[in-house]
Amino acid sequence: METRSPFARGPVRIFIGVLVMAWFSLIGAHIYGFRFFKPNLERAEDRQAYGATYTHK
Amino acid sequence: MDLTNGSIAIEAFACLKCQARLEVRTQALCRSVVCAQCQAAHLYDAGSGKLSYKRKYRGAIAKRYLEIGDEGVLFRRRYVVVGWIAKKESSASYYWNEYYLFNPVHGFAQLSVYEGHWTFHEQLRVYPRETNINQTLIFQRNVYEPFNHYACTVLAAAGEFTHDIHDQQEAKVRELISPPYMLTREQSADELAWYLGTYVEPEEIRLAFNKTEKPAKRTGVGACQPMKLAIDKKVLTTVSIVFAVLLLLTMLVLRFADAPRTVFEQQFDIHGAGPTGVSTALESQSFALDRFRNSVELFARAEAVDNSWFELSGALINNATGEARSFVLNIEYYHGYEGGESWSEGKRNDGIVFSALPAGDYHLELYGVSDPGRPVRTFLVQVEQNVTLWSNFFVVLLLGLAFPLITWWRVSRFETARWGE
Chain R
1 METRSPFARG
11 PVRIFIGVLV
21 MAWFSLIGAH
31 IYGFRFFKPN
41 LERAEDRQAY
51 GATYTHK
Chain E
1001 MDLTNGSIAI
1011 EAFACLKCQA
1021 RLEVRTQALC
1031 RSVVCAQCQA
1041 AHLYDAGSGK
1051 LSYKRKYRGA
1061 IAKRYLEIGD
1071 EGVLFRRRYV
1081 VVGWIAKKES
1091 SASYYWNEYY
1101 LFNPVHGFAQ
1111 LSVYEGHWTF
1121 HEQLRVYPRE
1131 TNINQTLIFQ
1141 RNVYEPFNHY
1151 ACTVLAAAGE
1161 FTHDIHDQQE
1171 AKVRELISPP
1181 YMLTREQSAD
1191 ELAWYLGTYV
1201 EPEEIRLAFN
1211 KTEKPAKRTG
1221 VGACQPMKLA
1231 IDKKVLTTVS
1241 IVFAVLLLLT
1251 MLVLRFADAP
1261 RTVFEQQFDI
1271 HGAGPTGVST
1281 ALESQSFALD
1291 RFRNSVELFA
1301 RAEAVDNSWF
1311 ELSGALINNA
1321 TGEARSFVLN
1331 IEYYHGYEGG
1341 ESWSEGKRND
1351 GIVFSALPAG
1361 DYHLELYGVS
1371 DPGRPVRTFL
1381 VQVEQNVTLW
1391 SNFFVVLLLG
1401 LAFPLITWWR
1411 VSRFETARWG
1421 E
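Chain order of the listed sequences is R and E. Start counting the first sequence at 1; every next residue gets the next number (the working numbering). Start counting the second sequence at 1001; every next residue gets the next number (the working numbering).
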């Protein structure tokens, strides 16, 4: 007797959808050259304004 | 269609024990009637339309949420409550309520409630194929796991029934679950019946029967209560592994198909330091970043650092716009021999990654400060474009796996509670 695939259930589809989005974000970040963790977007003017560096490595 | 307003004829009788009003809605289908007041059970003869007293039940032990004659719409069908039974497991002390529902077109259904968990049962016309009832059973594309088996006893009743409910005493019941569904196999002395149950939220019951009072609060996890956003553990594991492998493969493909490229490399010499120990500004040659947006790693190495330190601060400047990204690199390396063991700390190099740098020509402005006791005269700076961002891989992996880990934990807790009941 045929059974319904557990992969066809709603929450699994949502979960897979989230993972697909995460995968695309990885590709997008590579193309855009963006680092999620400590992206170091600080500008030199900011550094002067704040008086000390807050740039991370 | 209003079932109690003319469409179902009600035949009224007086209880043979307490003279309370008894009502029969199911007409020829009715076989027994129990008085809600005195618990006297009567047999009903549809042919002659007469009642005969049979026995008396111990009495109501639970508060009923639905009353005989209540009407409600469940699964798009309008039902009237015609009977109620309180049952208990013969070898245990807990009990539950069953409401008998009637629709003149669709027939009978039952609503069972235990610890605030409601299940709607309908008798099956086509029974599941029994192979080994103690094992998993597949029915209508769902896999059912054996959940419970017991014999039950009728404690109290009210209303009318299509059978003599006393015949149900010691009926053997087996339950199999595939939340939100439940299969129930009920075998009495002369009858075998299968029921398909569906879990119903208590609020749906309240709305279906148009009650103002809320049903009793749920405790624990119901036998066939579905978990919200539940995912099978095997599915979770499979999807998570596939995701992690896919992510790793993606990173490897990006690493080799779109490899990092050194766009600048220069050895700098420090000729003199000012009174504060900071070198005069060093300016690099220009170098180009040719992609729309670039990840760039700036890397410095000072071989002369030995039990000393060297700090390199500066800015990466866009030649056209003048926009600068500042940085500070700390290079320190210490080593020695102590207590028969050699030790070392730090490195002779340091680096920093810049994100999303726009395309254009860039140059570096650098200031070096070193340990006055061991001045650094020369250092190497390297700039790589399109660096592989492994931290992105770990961030996405962690975020991607956070949901399955949390769900795994939730499902474990929920299922432990369900099977522990």
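For the record, the hints were derived by calculation from the structure and aren't laboratory data. Among these hints, one or two may not hold up.
Said to hold, decoys possible - If you only want the chain R side, here are some residues facing chain E, beta carbon under 7 Å, derived:
#1 G17
#2 A22
#3 F24
#4 G28
#5 Y32
#6 R35
#7 N40
Stated by the list, open to error - With a Cα cut of at most 25 Å, we get these calculated DMTMM-like pairs of lysine to aspartate or glutamate:
#8 K38/R with D1258/E
#9 K1214/E with D1232/E
#10 K1217/E with D1190/E
#11 K1217/E with E1115/E
#12 K1217/E with E1191/E
#13 K38/R with D1361/E
#14 K38/R with E1332/E
#15 K38/R with D1232/E
#16 K1050/E with D1164/E
#17 K1063/E with E1213/E
#18 K1211/E with D1070/E
#19 K1347/E with D1361/E
#20 K38/R with D1269/E
#21 K38/R with D1290/E
#22 K1217/E with D1070/E
#23 K1217/E with E1311/E
#24 K1172/E with E1186/E
#25 K1172/E with E1145/E
#26 K1056/E with D1045/E
#27 K38/R with E1323/E
#28 K1056/E with E1011/E
#29 K1088/E with E1145/E
#30 K38/R with E1098/E
#31 K1054/E with E1122/E
Since the structure is predicted, the reported quantities are computational estimates derived from the model, not experimental observations. Glycine residues also receive a C-beta, built at the ideal position from the N, C-alpha and C atoms.
Hinted contact R35/R with chain E - closest CB pair below 7 Å:
Holds - the Cβ of R35/R comes within 7 Å of chain E, reaching about 5 Å at its closest.
For the pair we were handed, K1211/E and D1070/E, check the Cα-Cα distance against 25 Å.
Since the Cα atoms of K1211/E and D1070/E sit roughly 10 Å apart, the hinted pair holds (cutoff 25 Å).
Between K38/R and D1269/E, does the CA-CA distance stay at or below 25 Å?
Roughly 31 Å separates the two Cα atoms, so the pair is violated.
Hinted pair K38/R and E1332/E, Cα distance within 25 Å
holds, 22 Å
Is the hinted pair K1217/E and E1115/E satisfied, with a Cα-Cα distance of at most 25 Å?
holds, 8 Å
Compare the distance between the alpha carbons of K1214/E and D1232/E with 25 Å, and conclude whether the hinted pair is satisfied.
Violated - the C-alpha atoms of D1232/E and K1214/E are around 32 Å apart, more than 25 Å.
Need the status of pair K38/R, E1098/E: alpha-carbon distance at most 25 Å?
violated, 60 Å
Could you grab the alpha-carbon distance between K38/R and D1232/E and see if it respects the 25 Å cut-off?
violated, 36 Å
Does the structure keep K1056/E and E1011/E at a Cα separation of 25 Å or less?
holds, 22 Å
Is the straight-line distance between the alpha-carbon of K1050/E and that of D1164/E 25 Å or less?
OK: K1050/E and D1164/E at ~15 Å, within 25 Å.
Pair hint K1217/E and E1311/E, alpha-carbon separation not exceeding 25 Å:
Given that 25 Å is the threshold and the Cα spacing comes to 66 Å, the pair is violated.
Can you verify the interface hint for N40/R: is its Cβ closer than 7 Å to any Cβ in chain E?
The hint holds - N40/R has a Cβ within 7 Å of chain E, the shortest such distance being about 5 Å.
Hints 1, 3, 4, 9, 10, 12, 15, 19, 20, 23, 30 and 31 from the earlier list are contradicted by this structure; the remaining hints agree with it.
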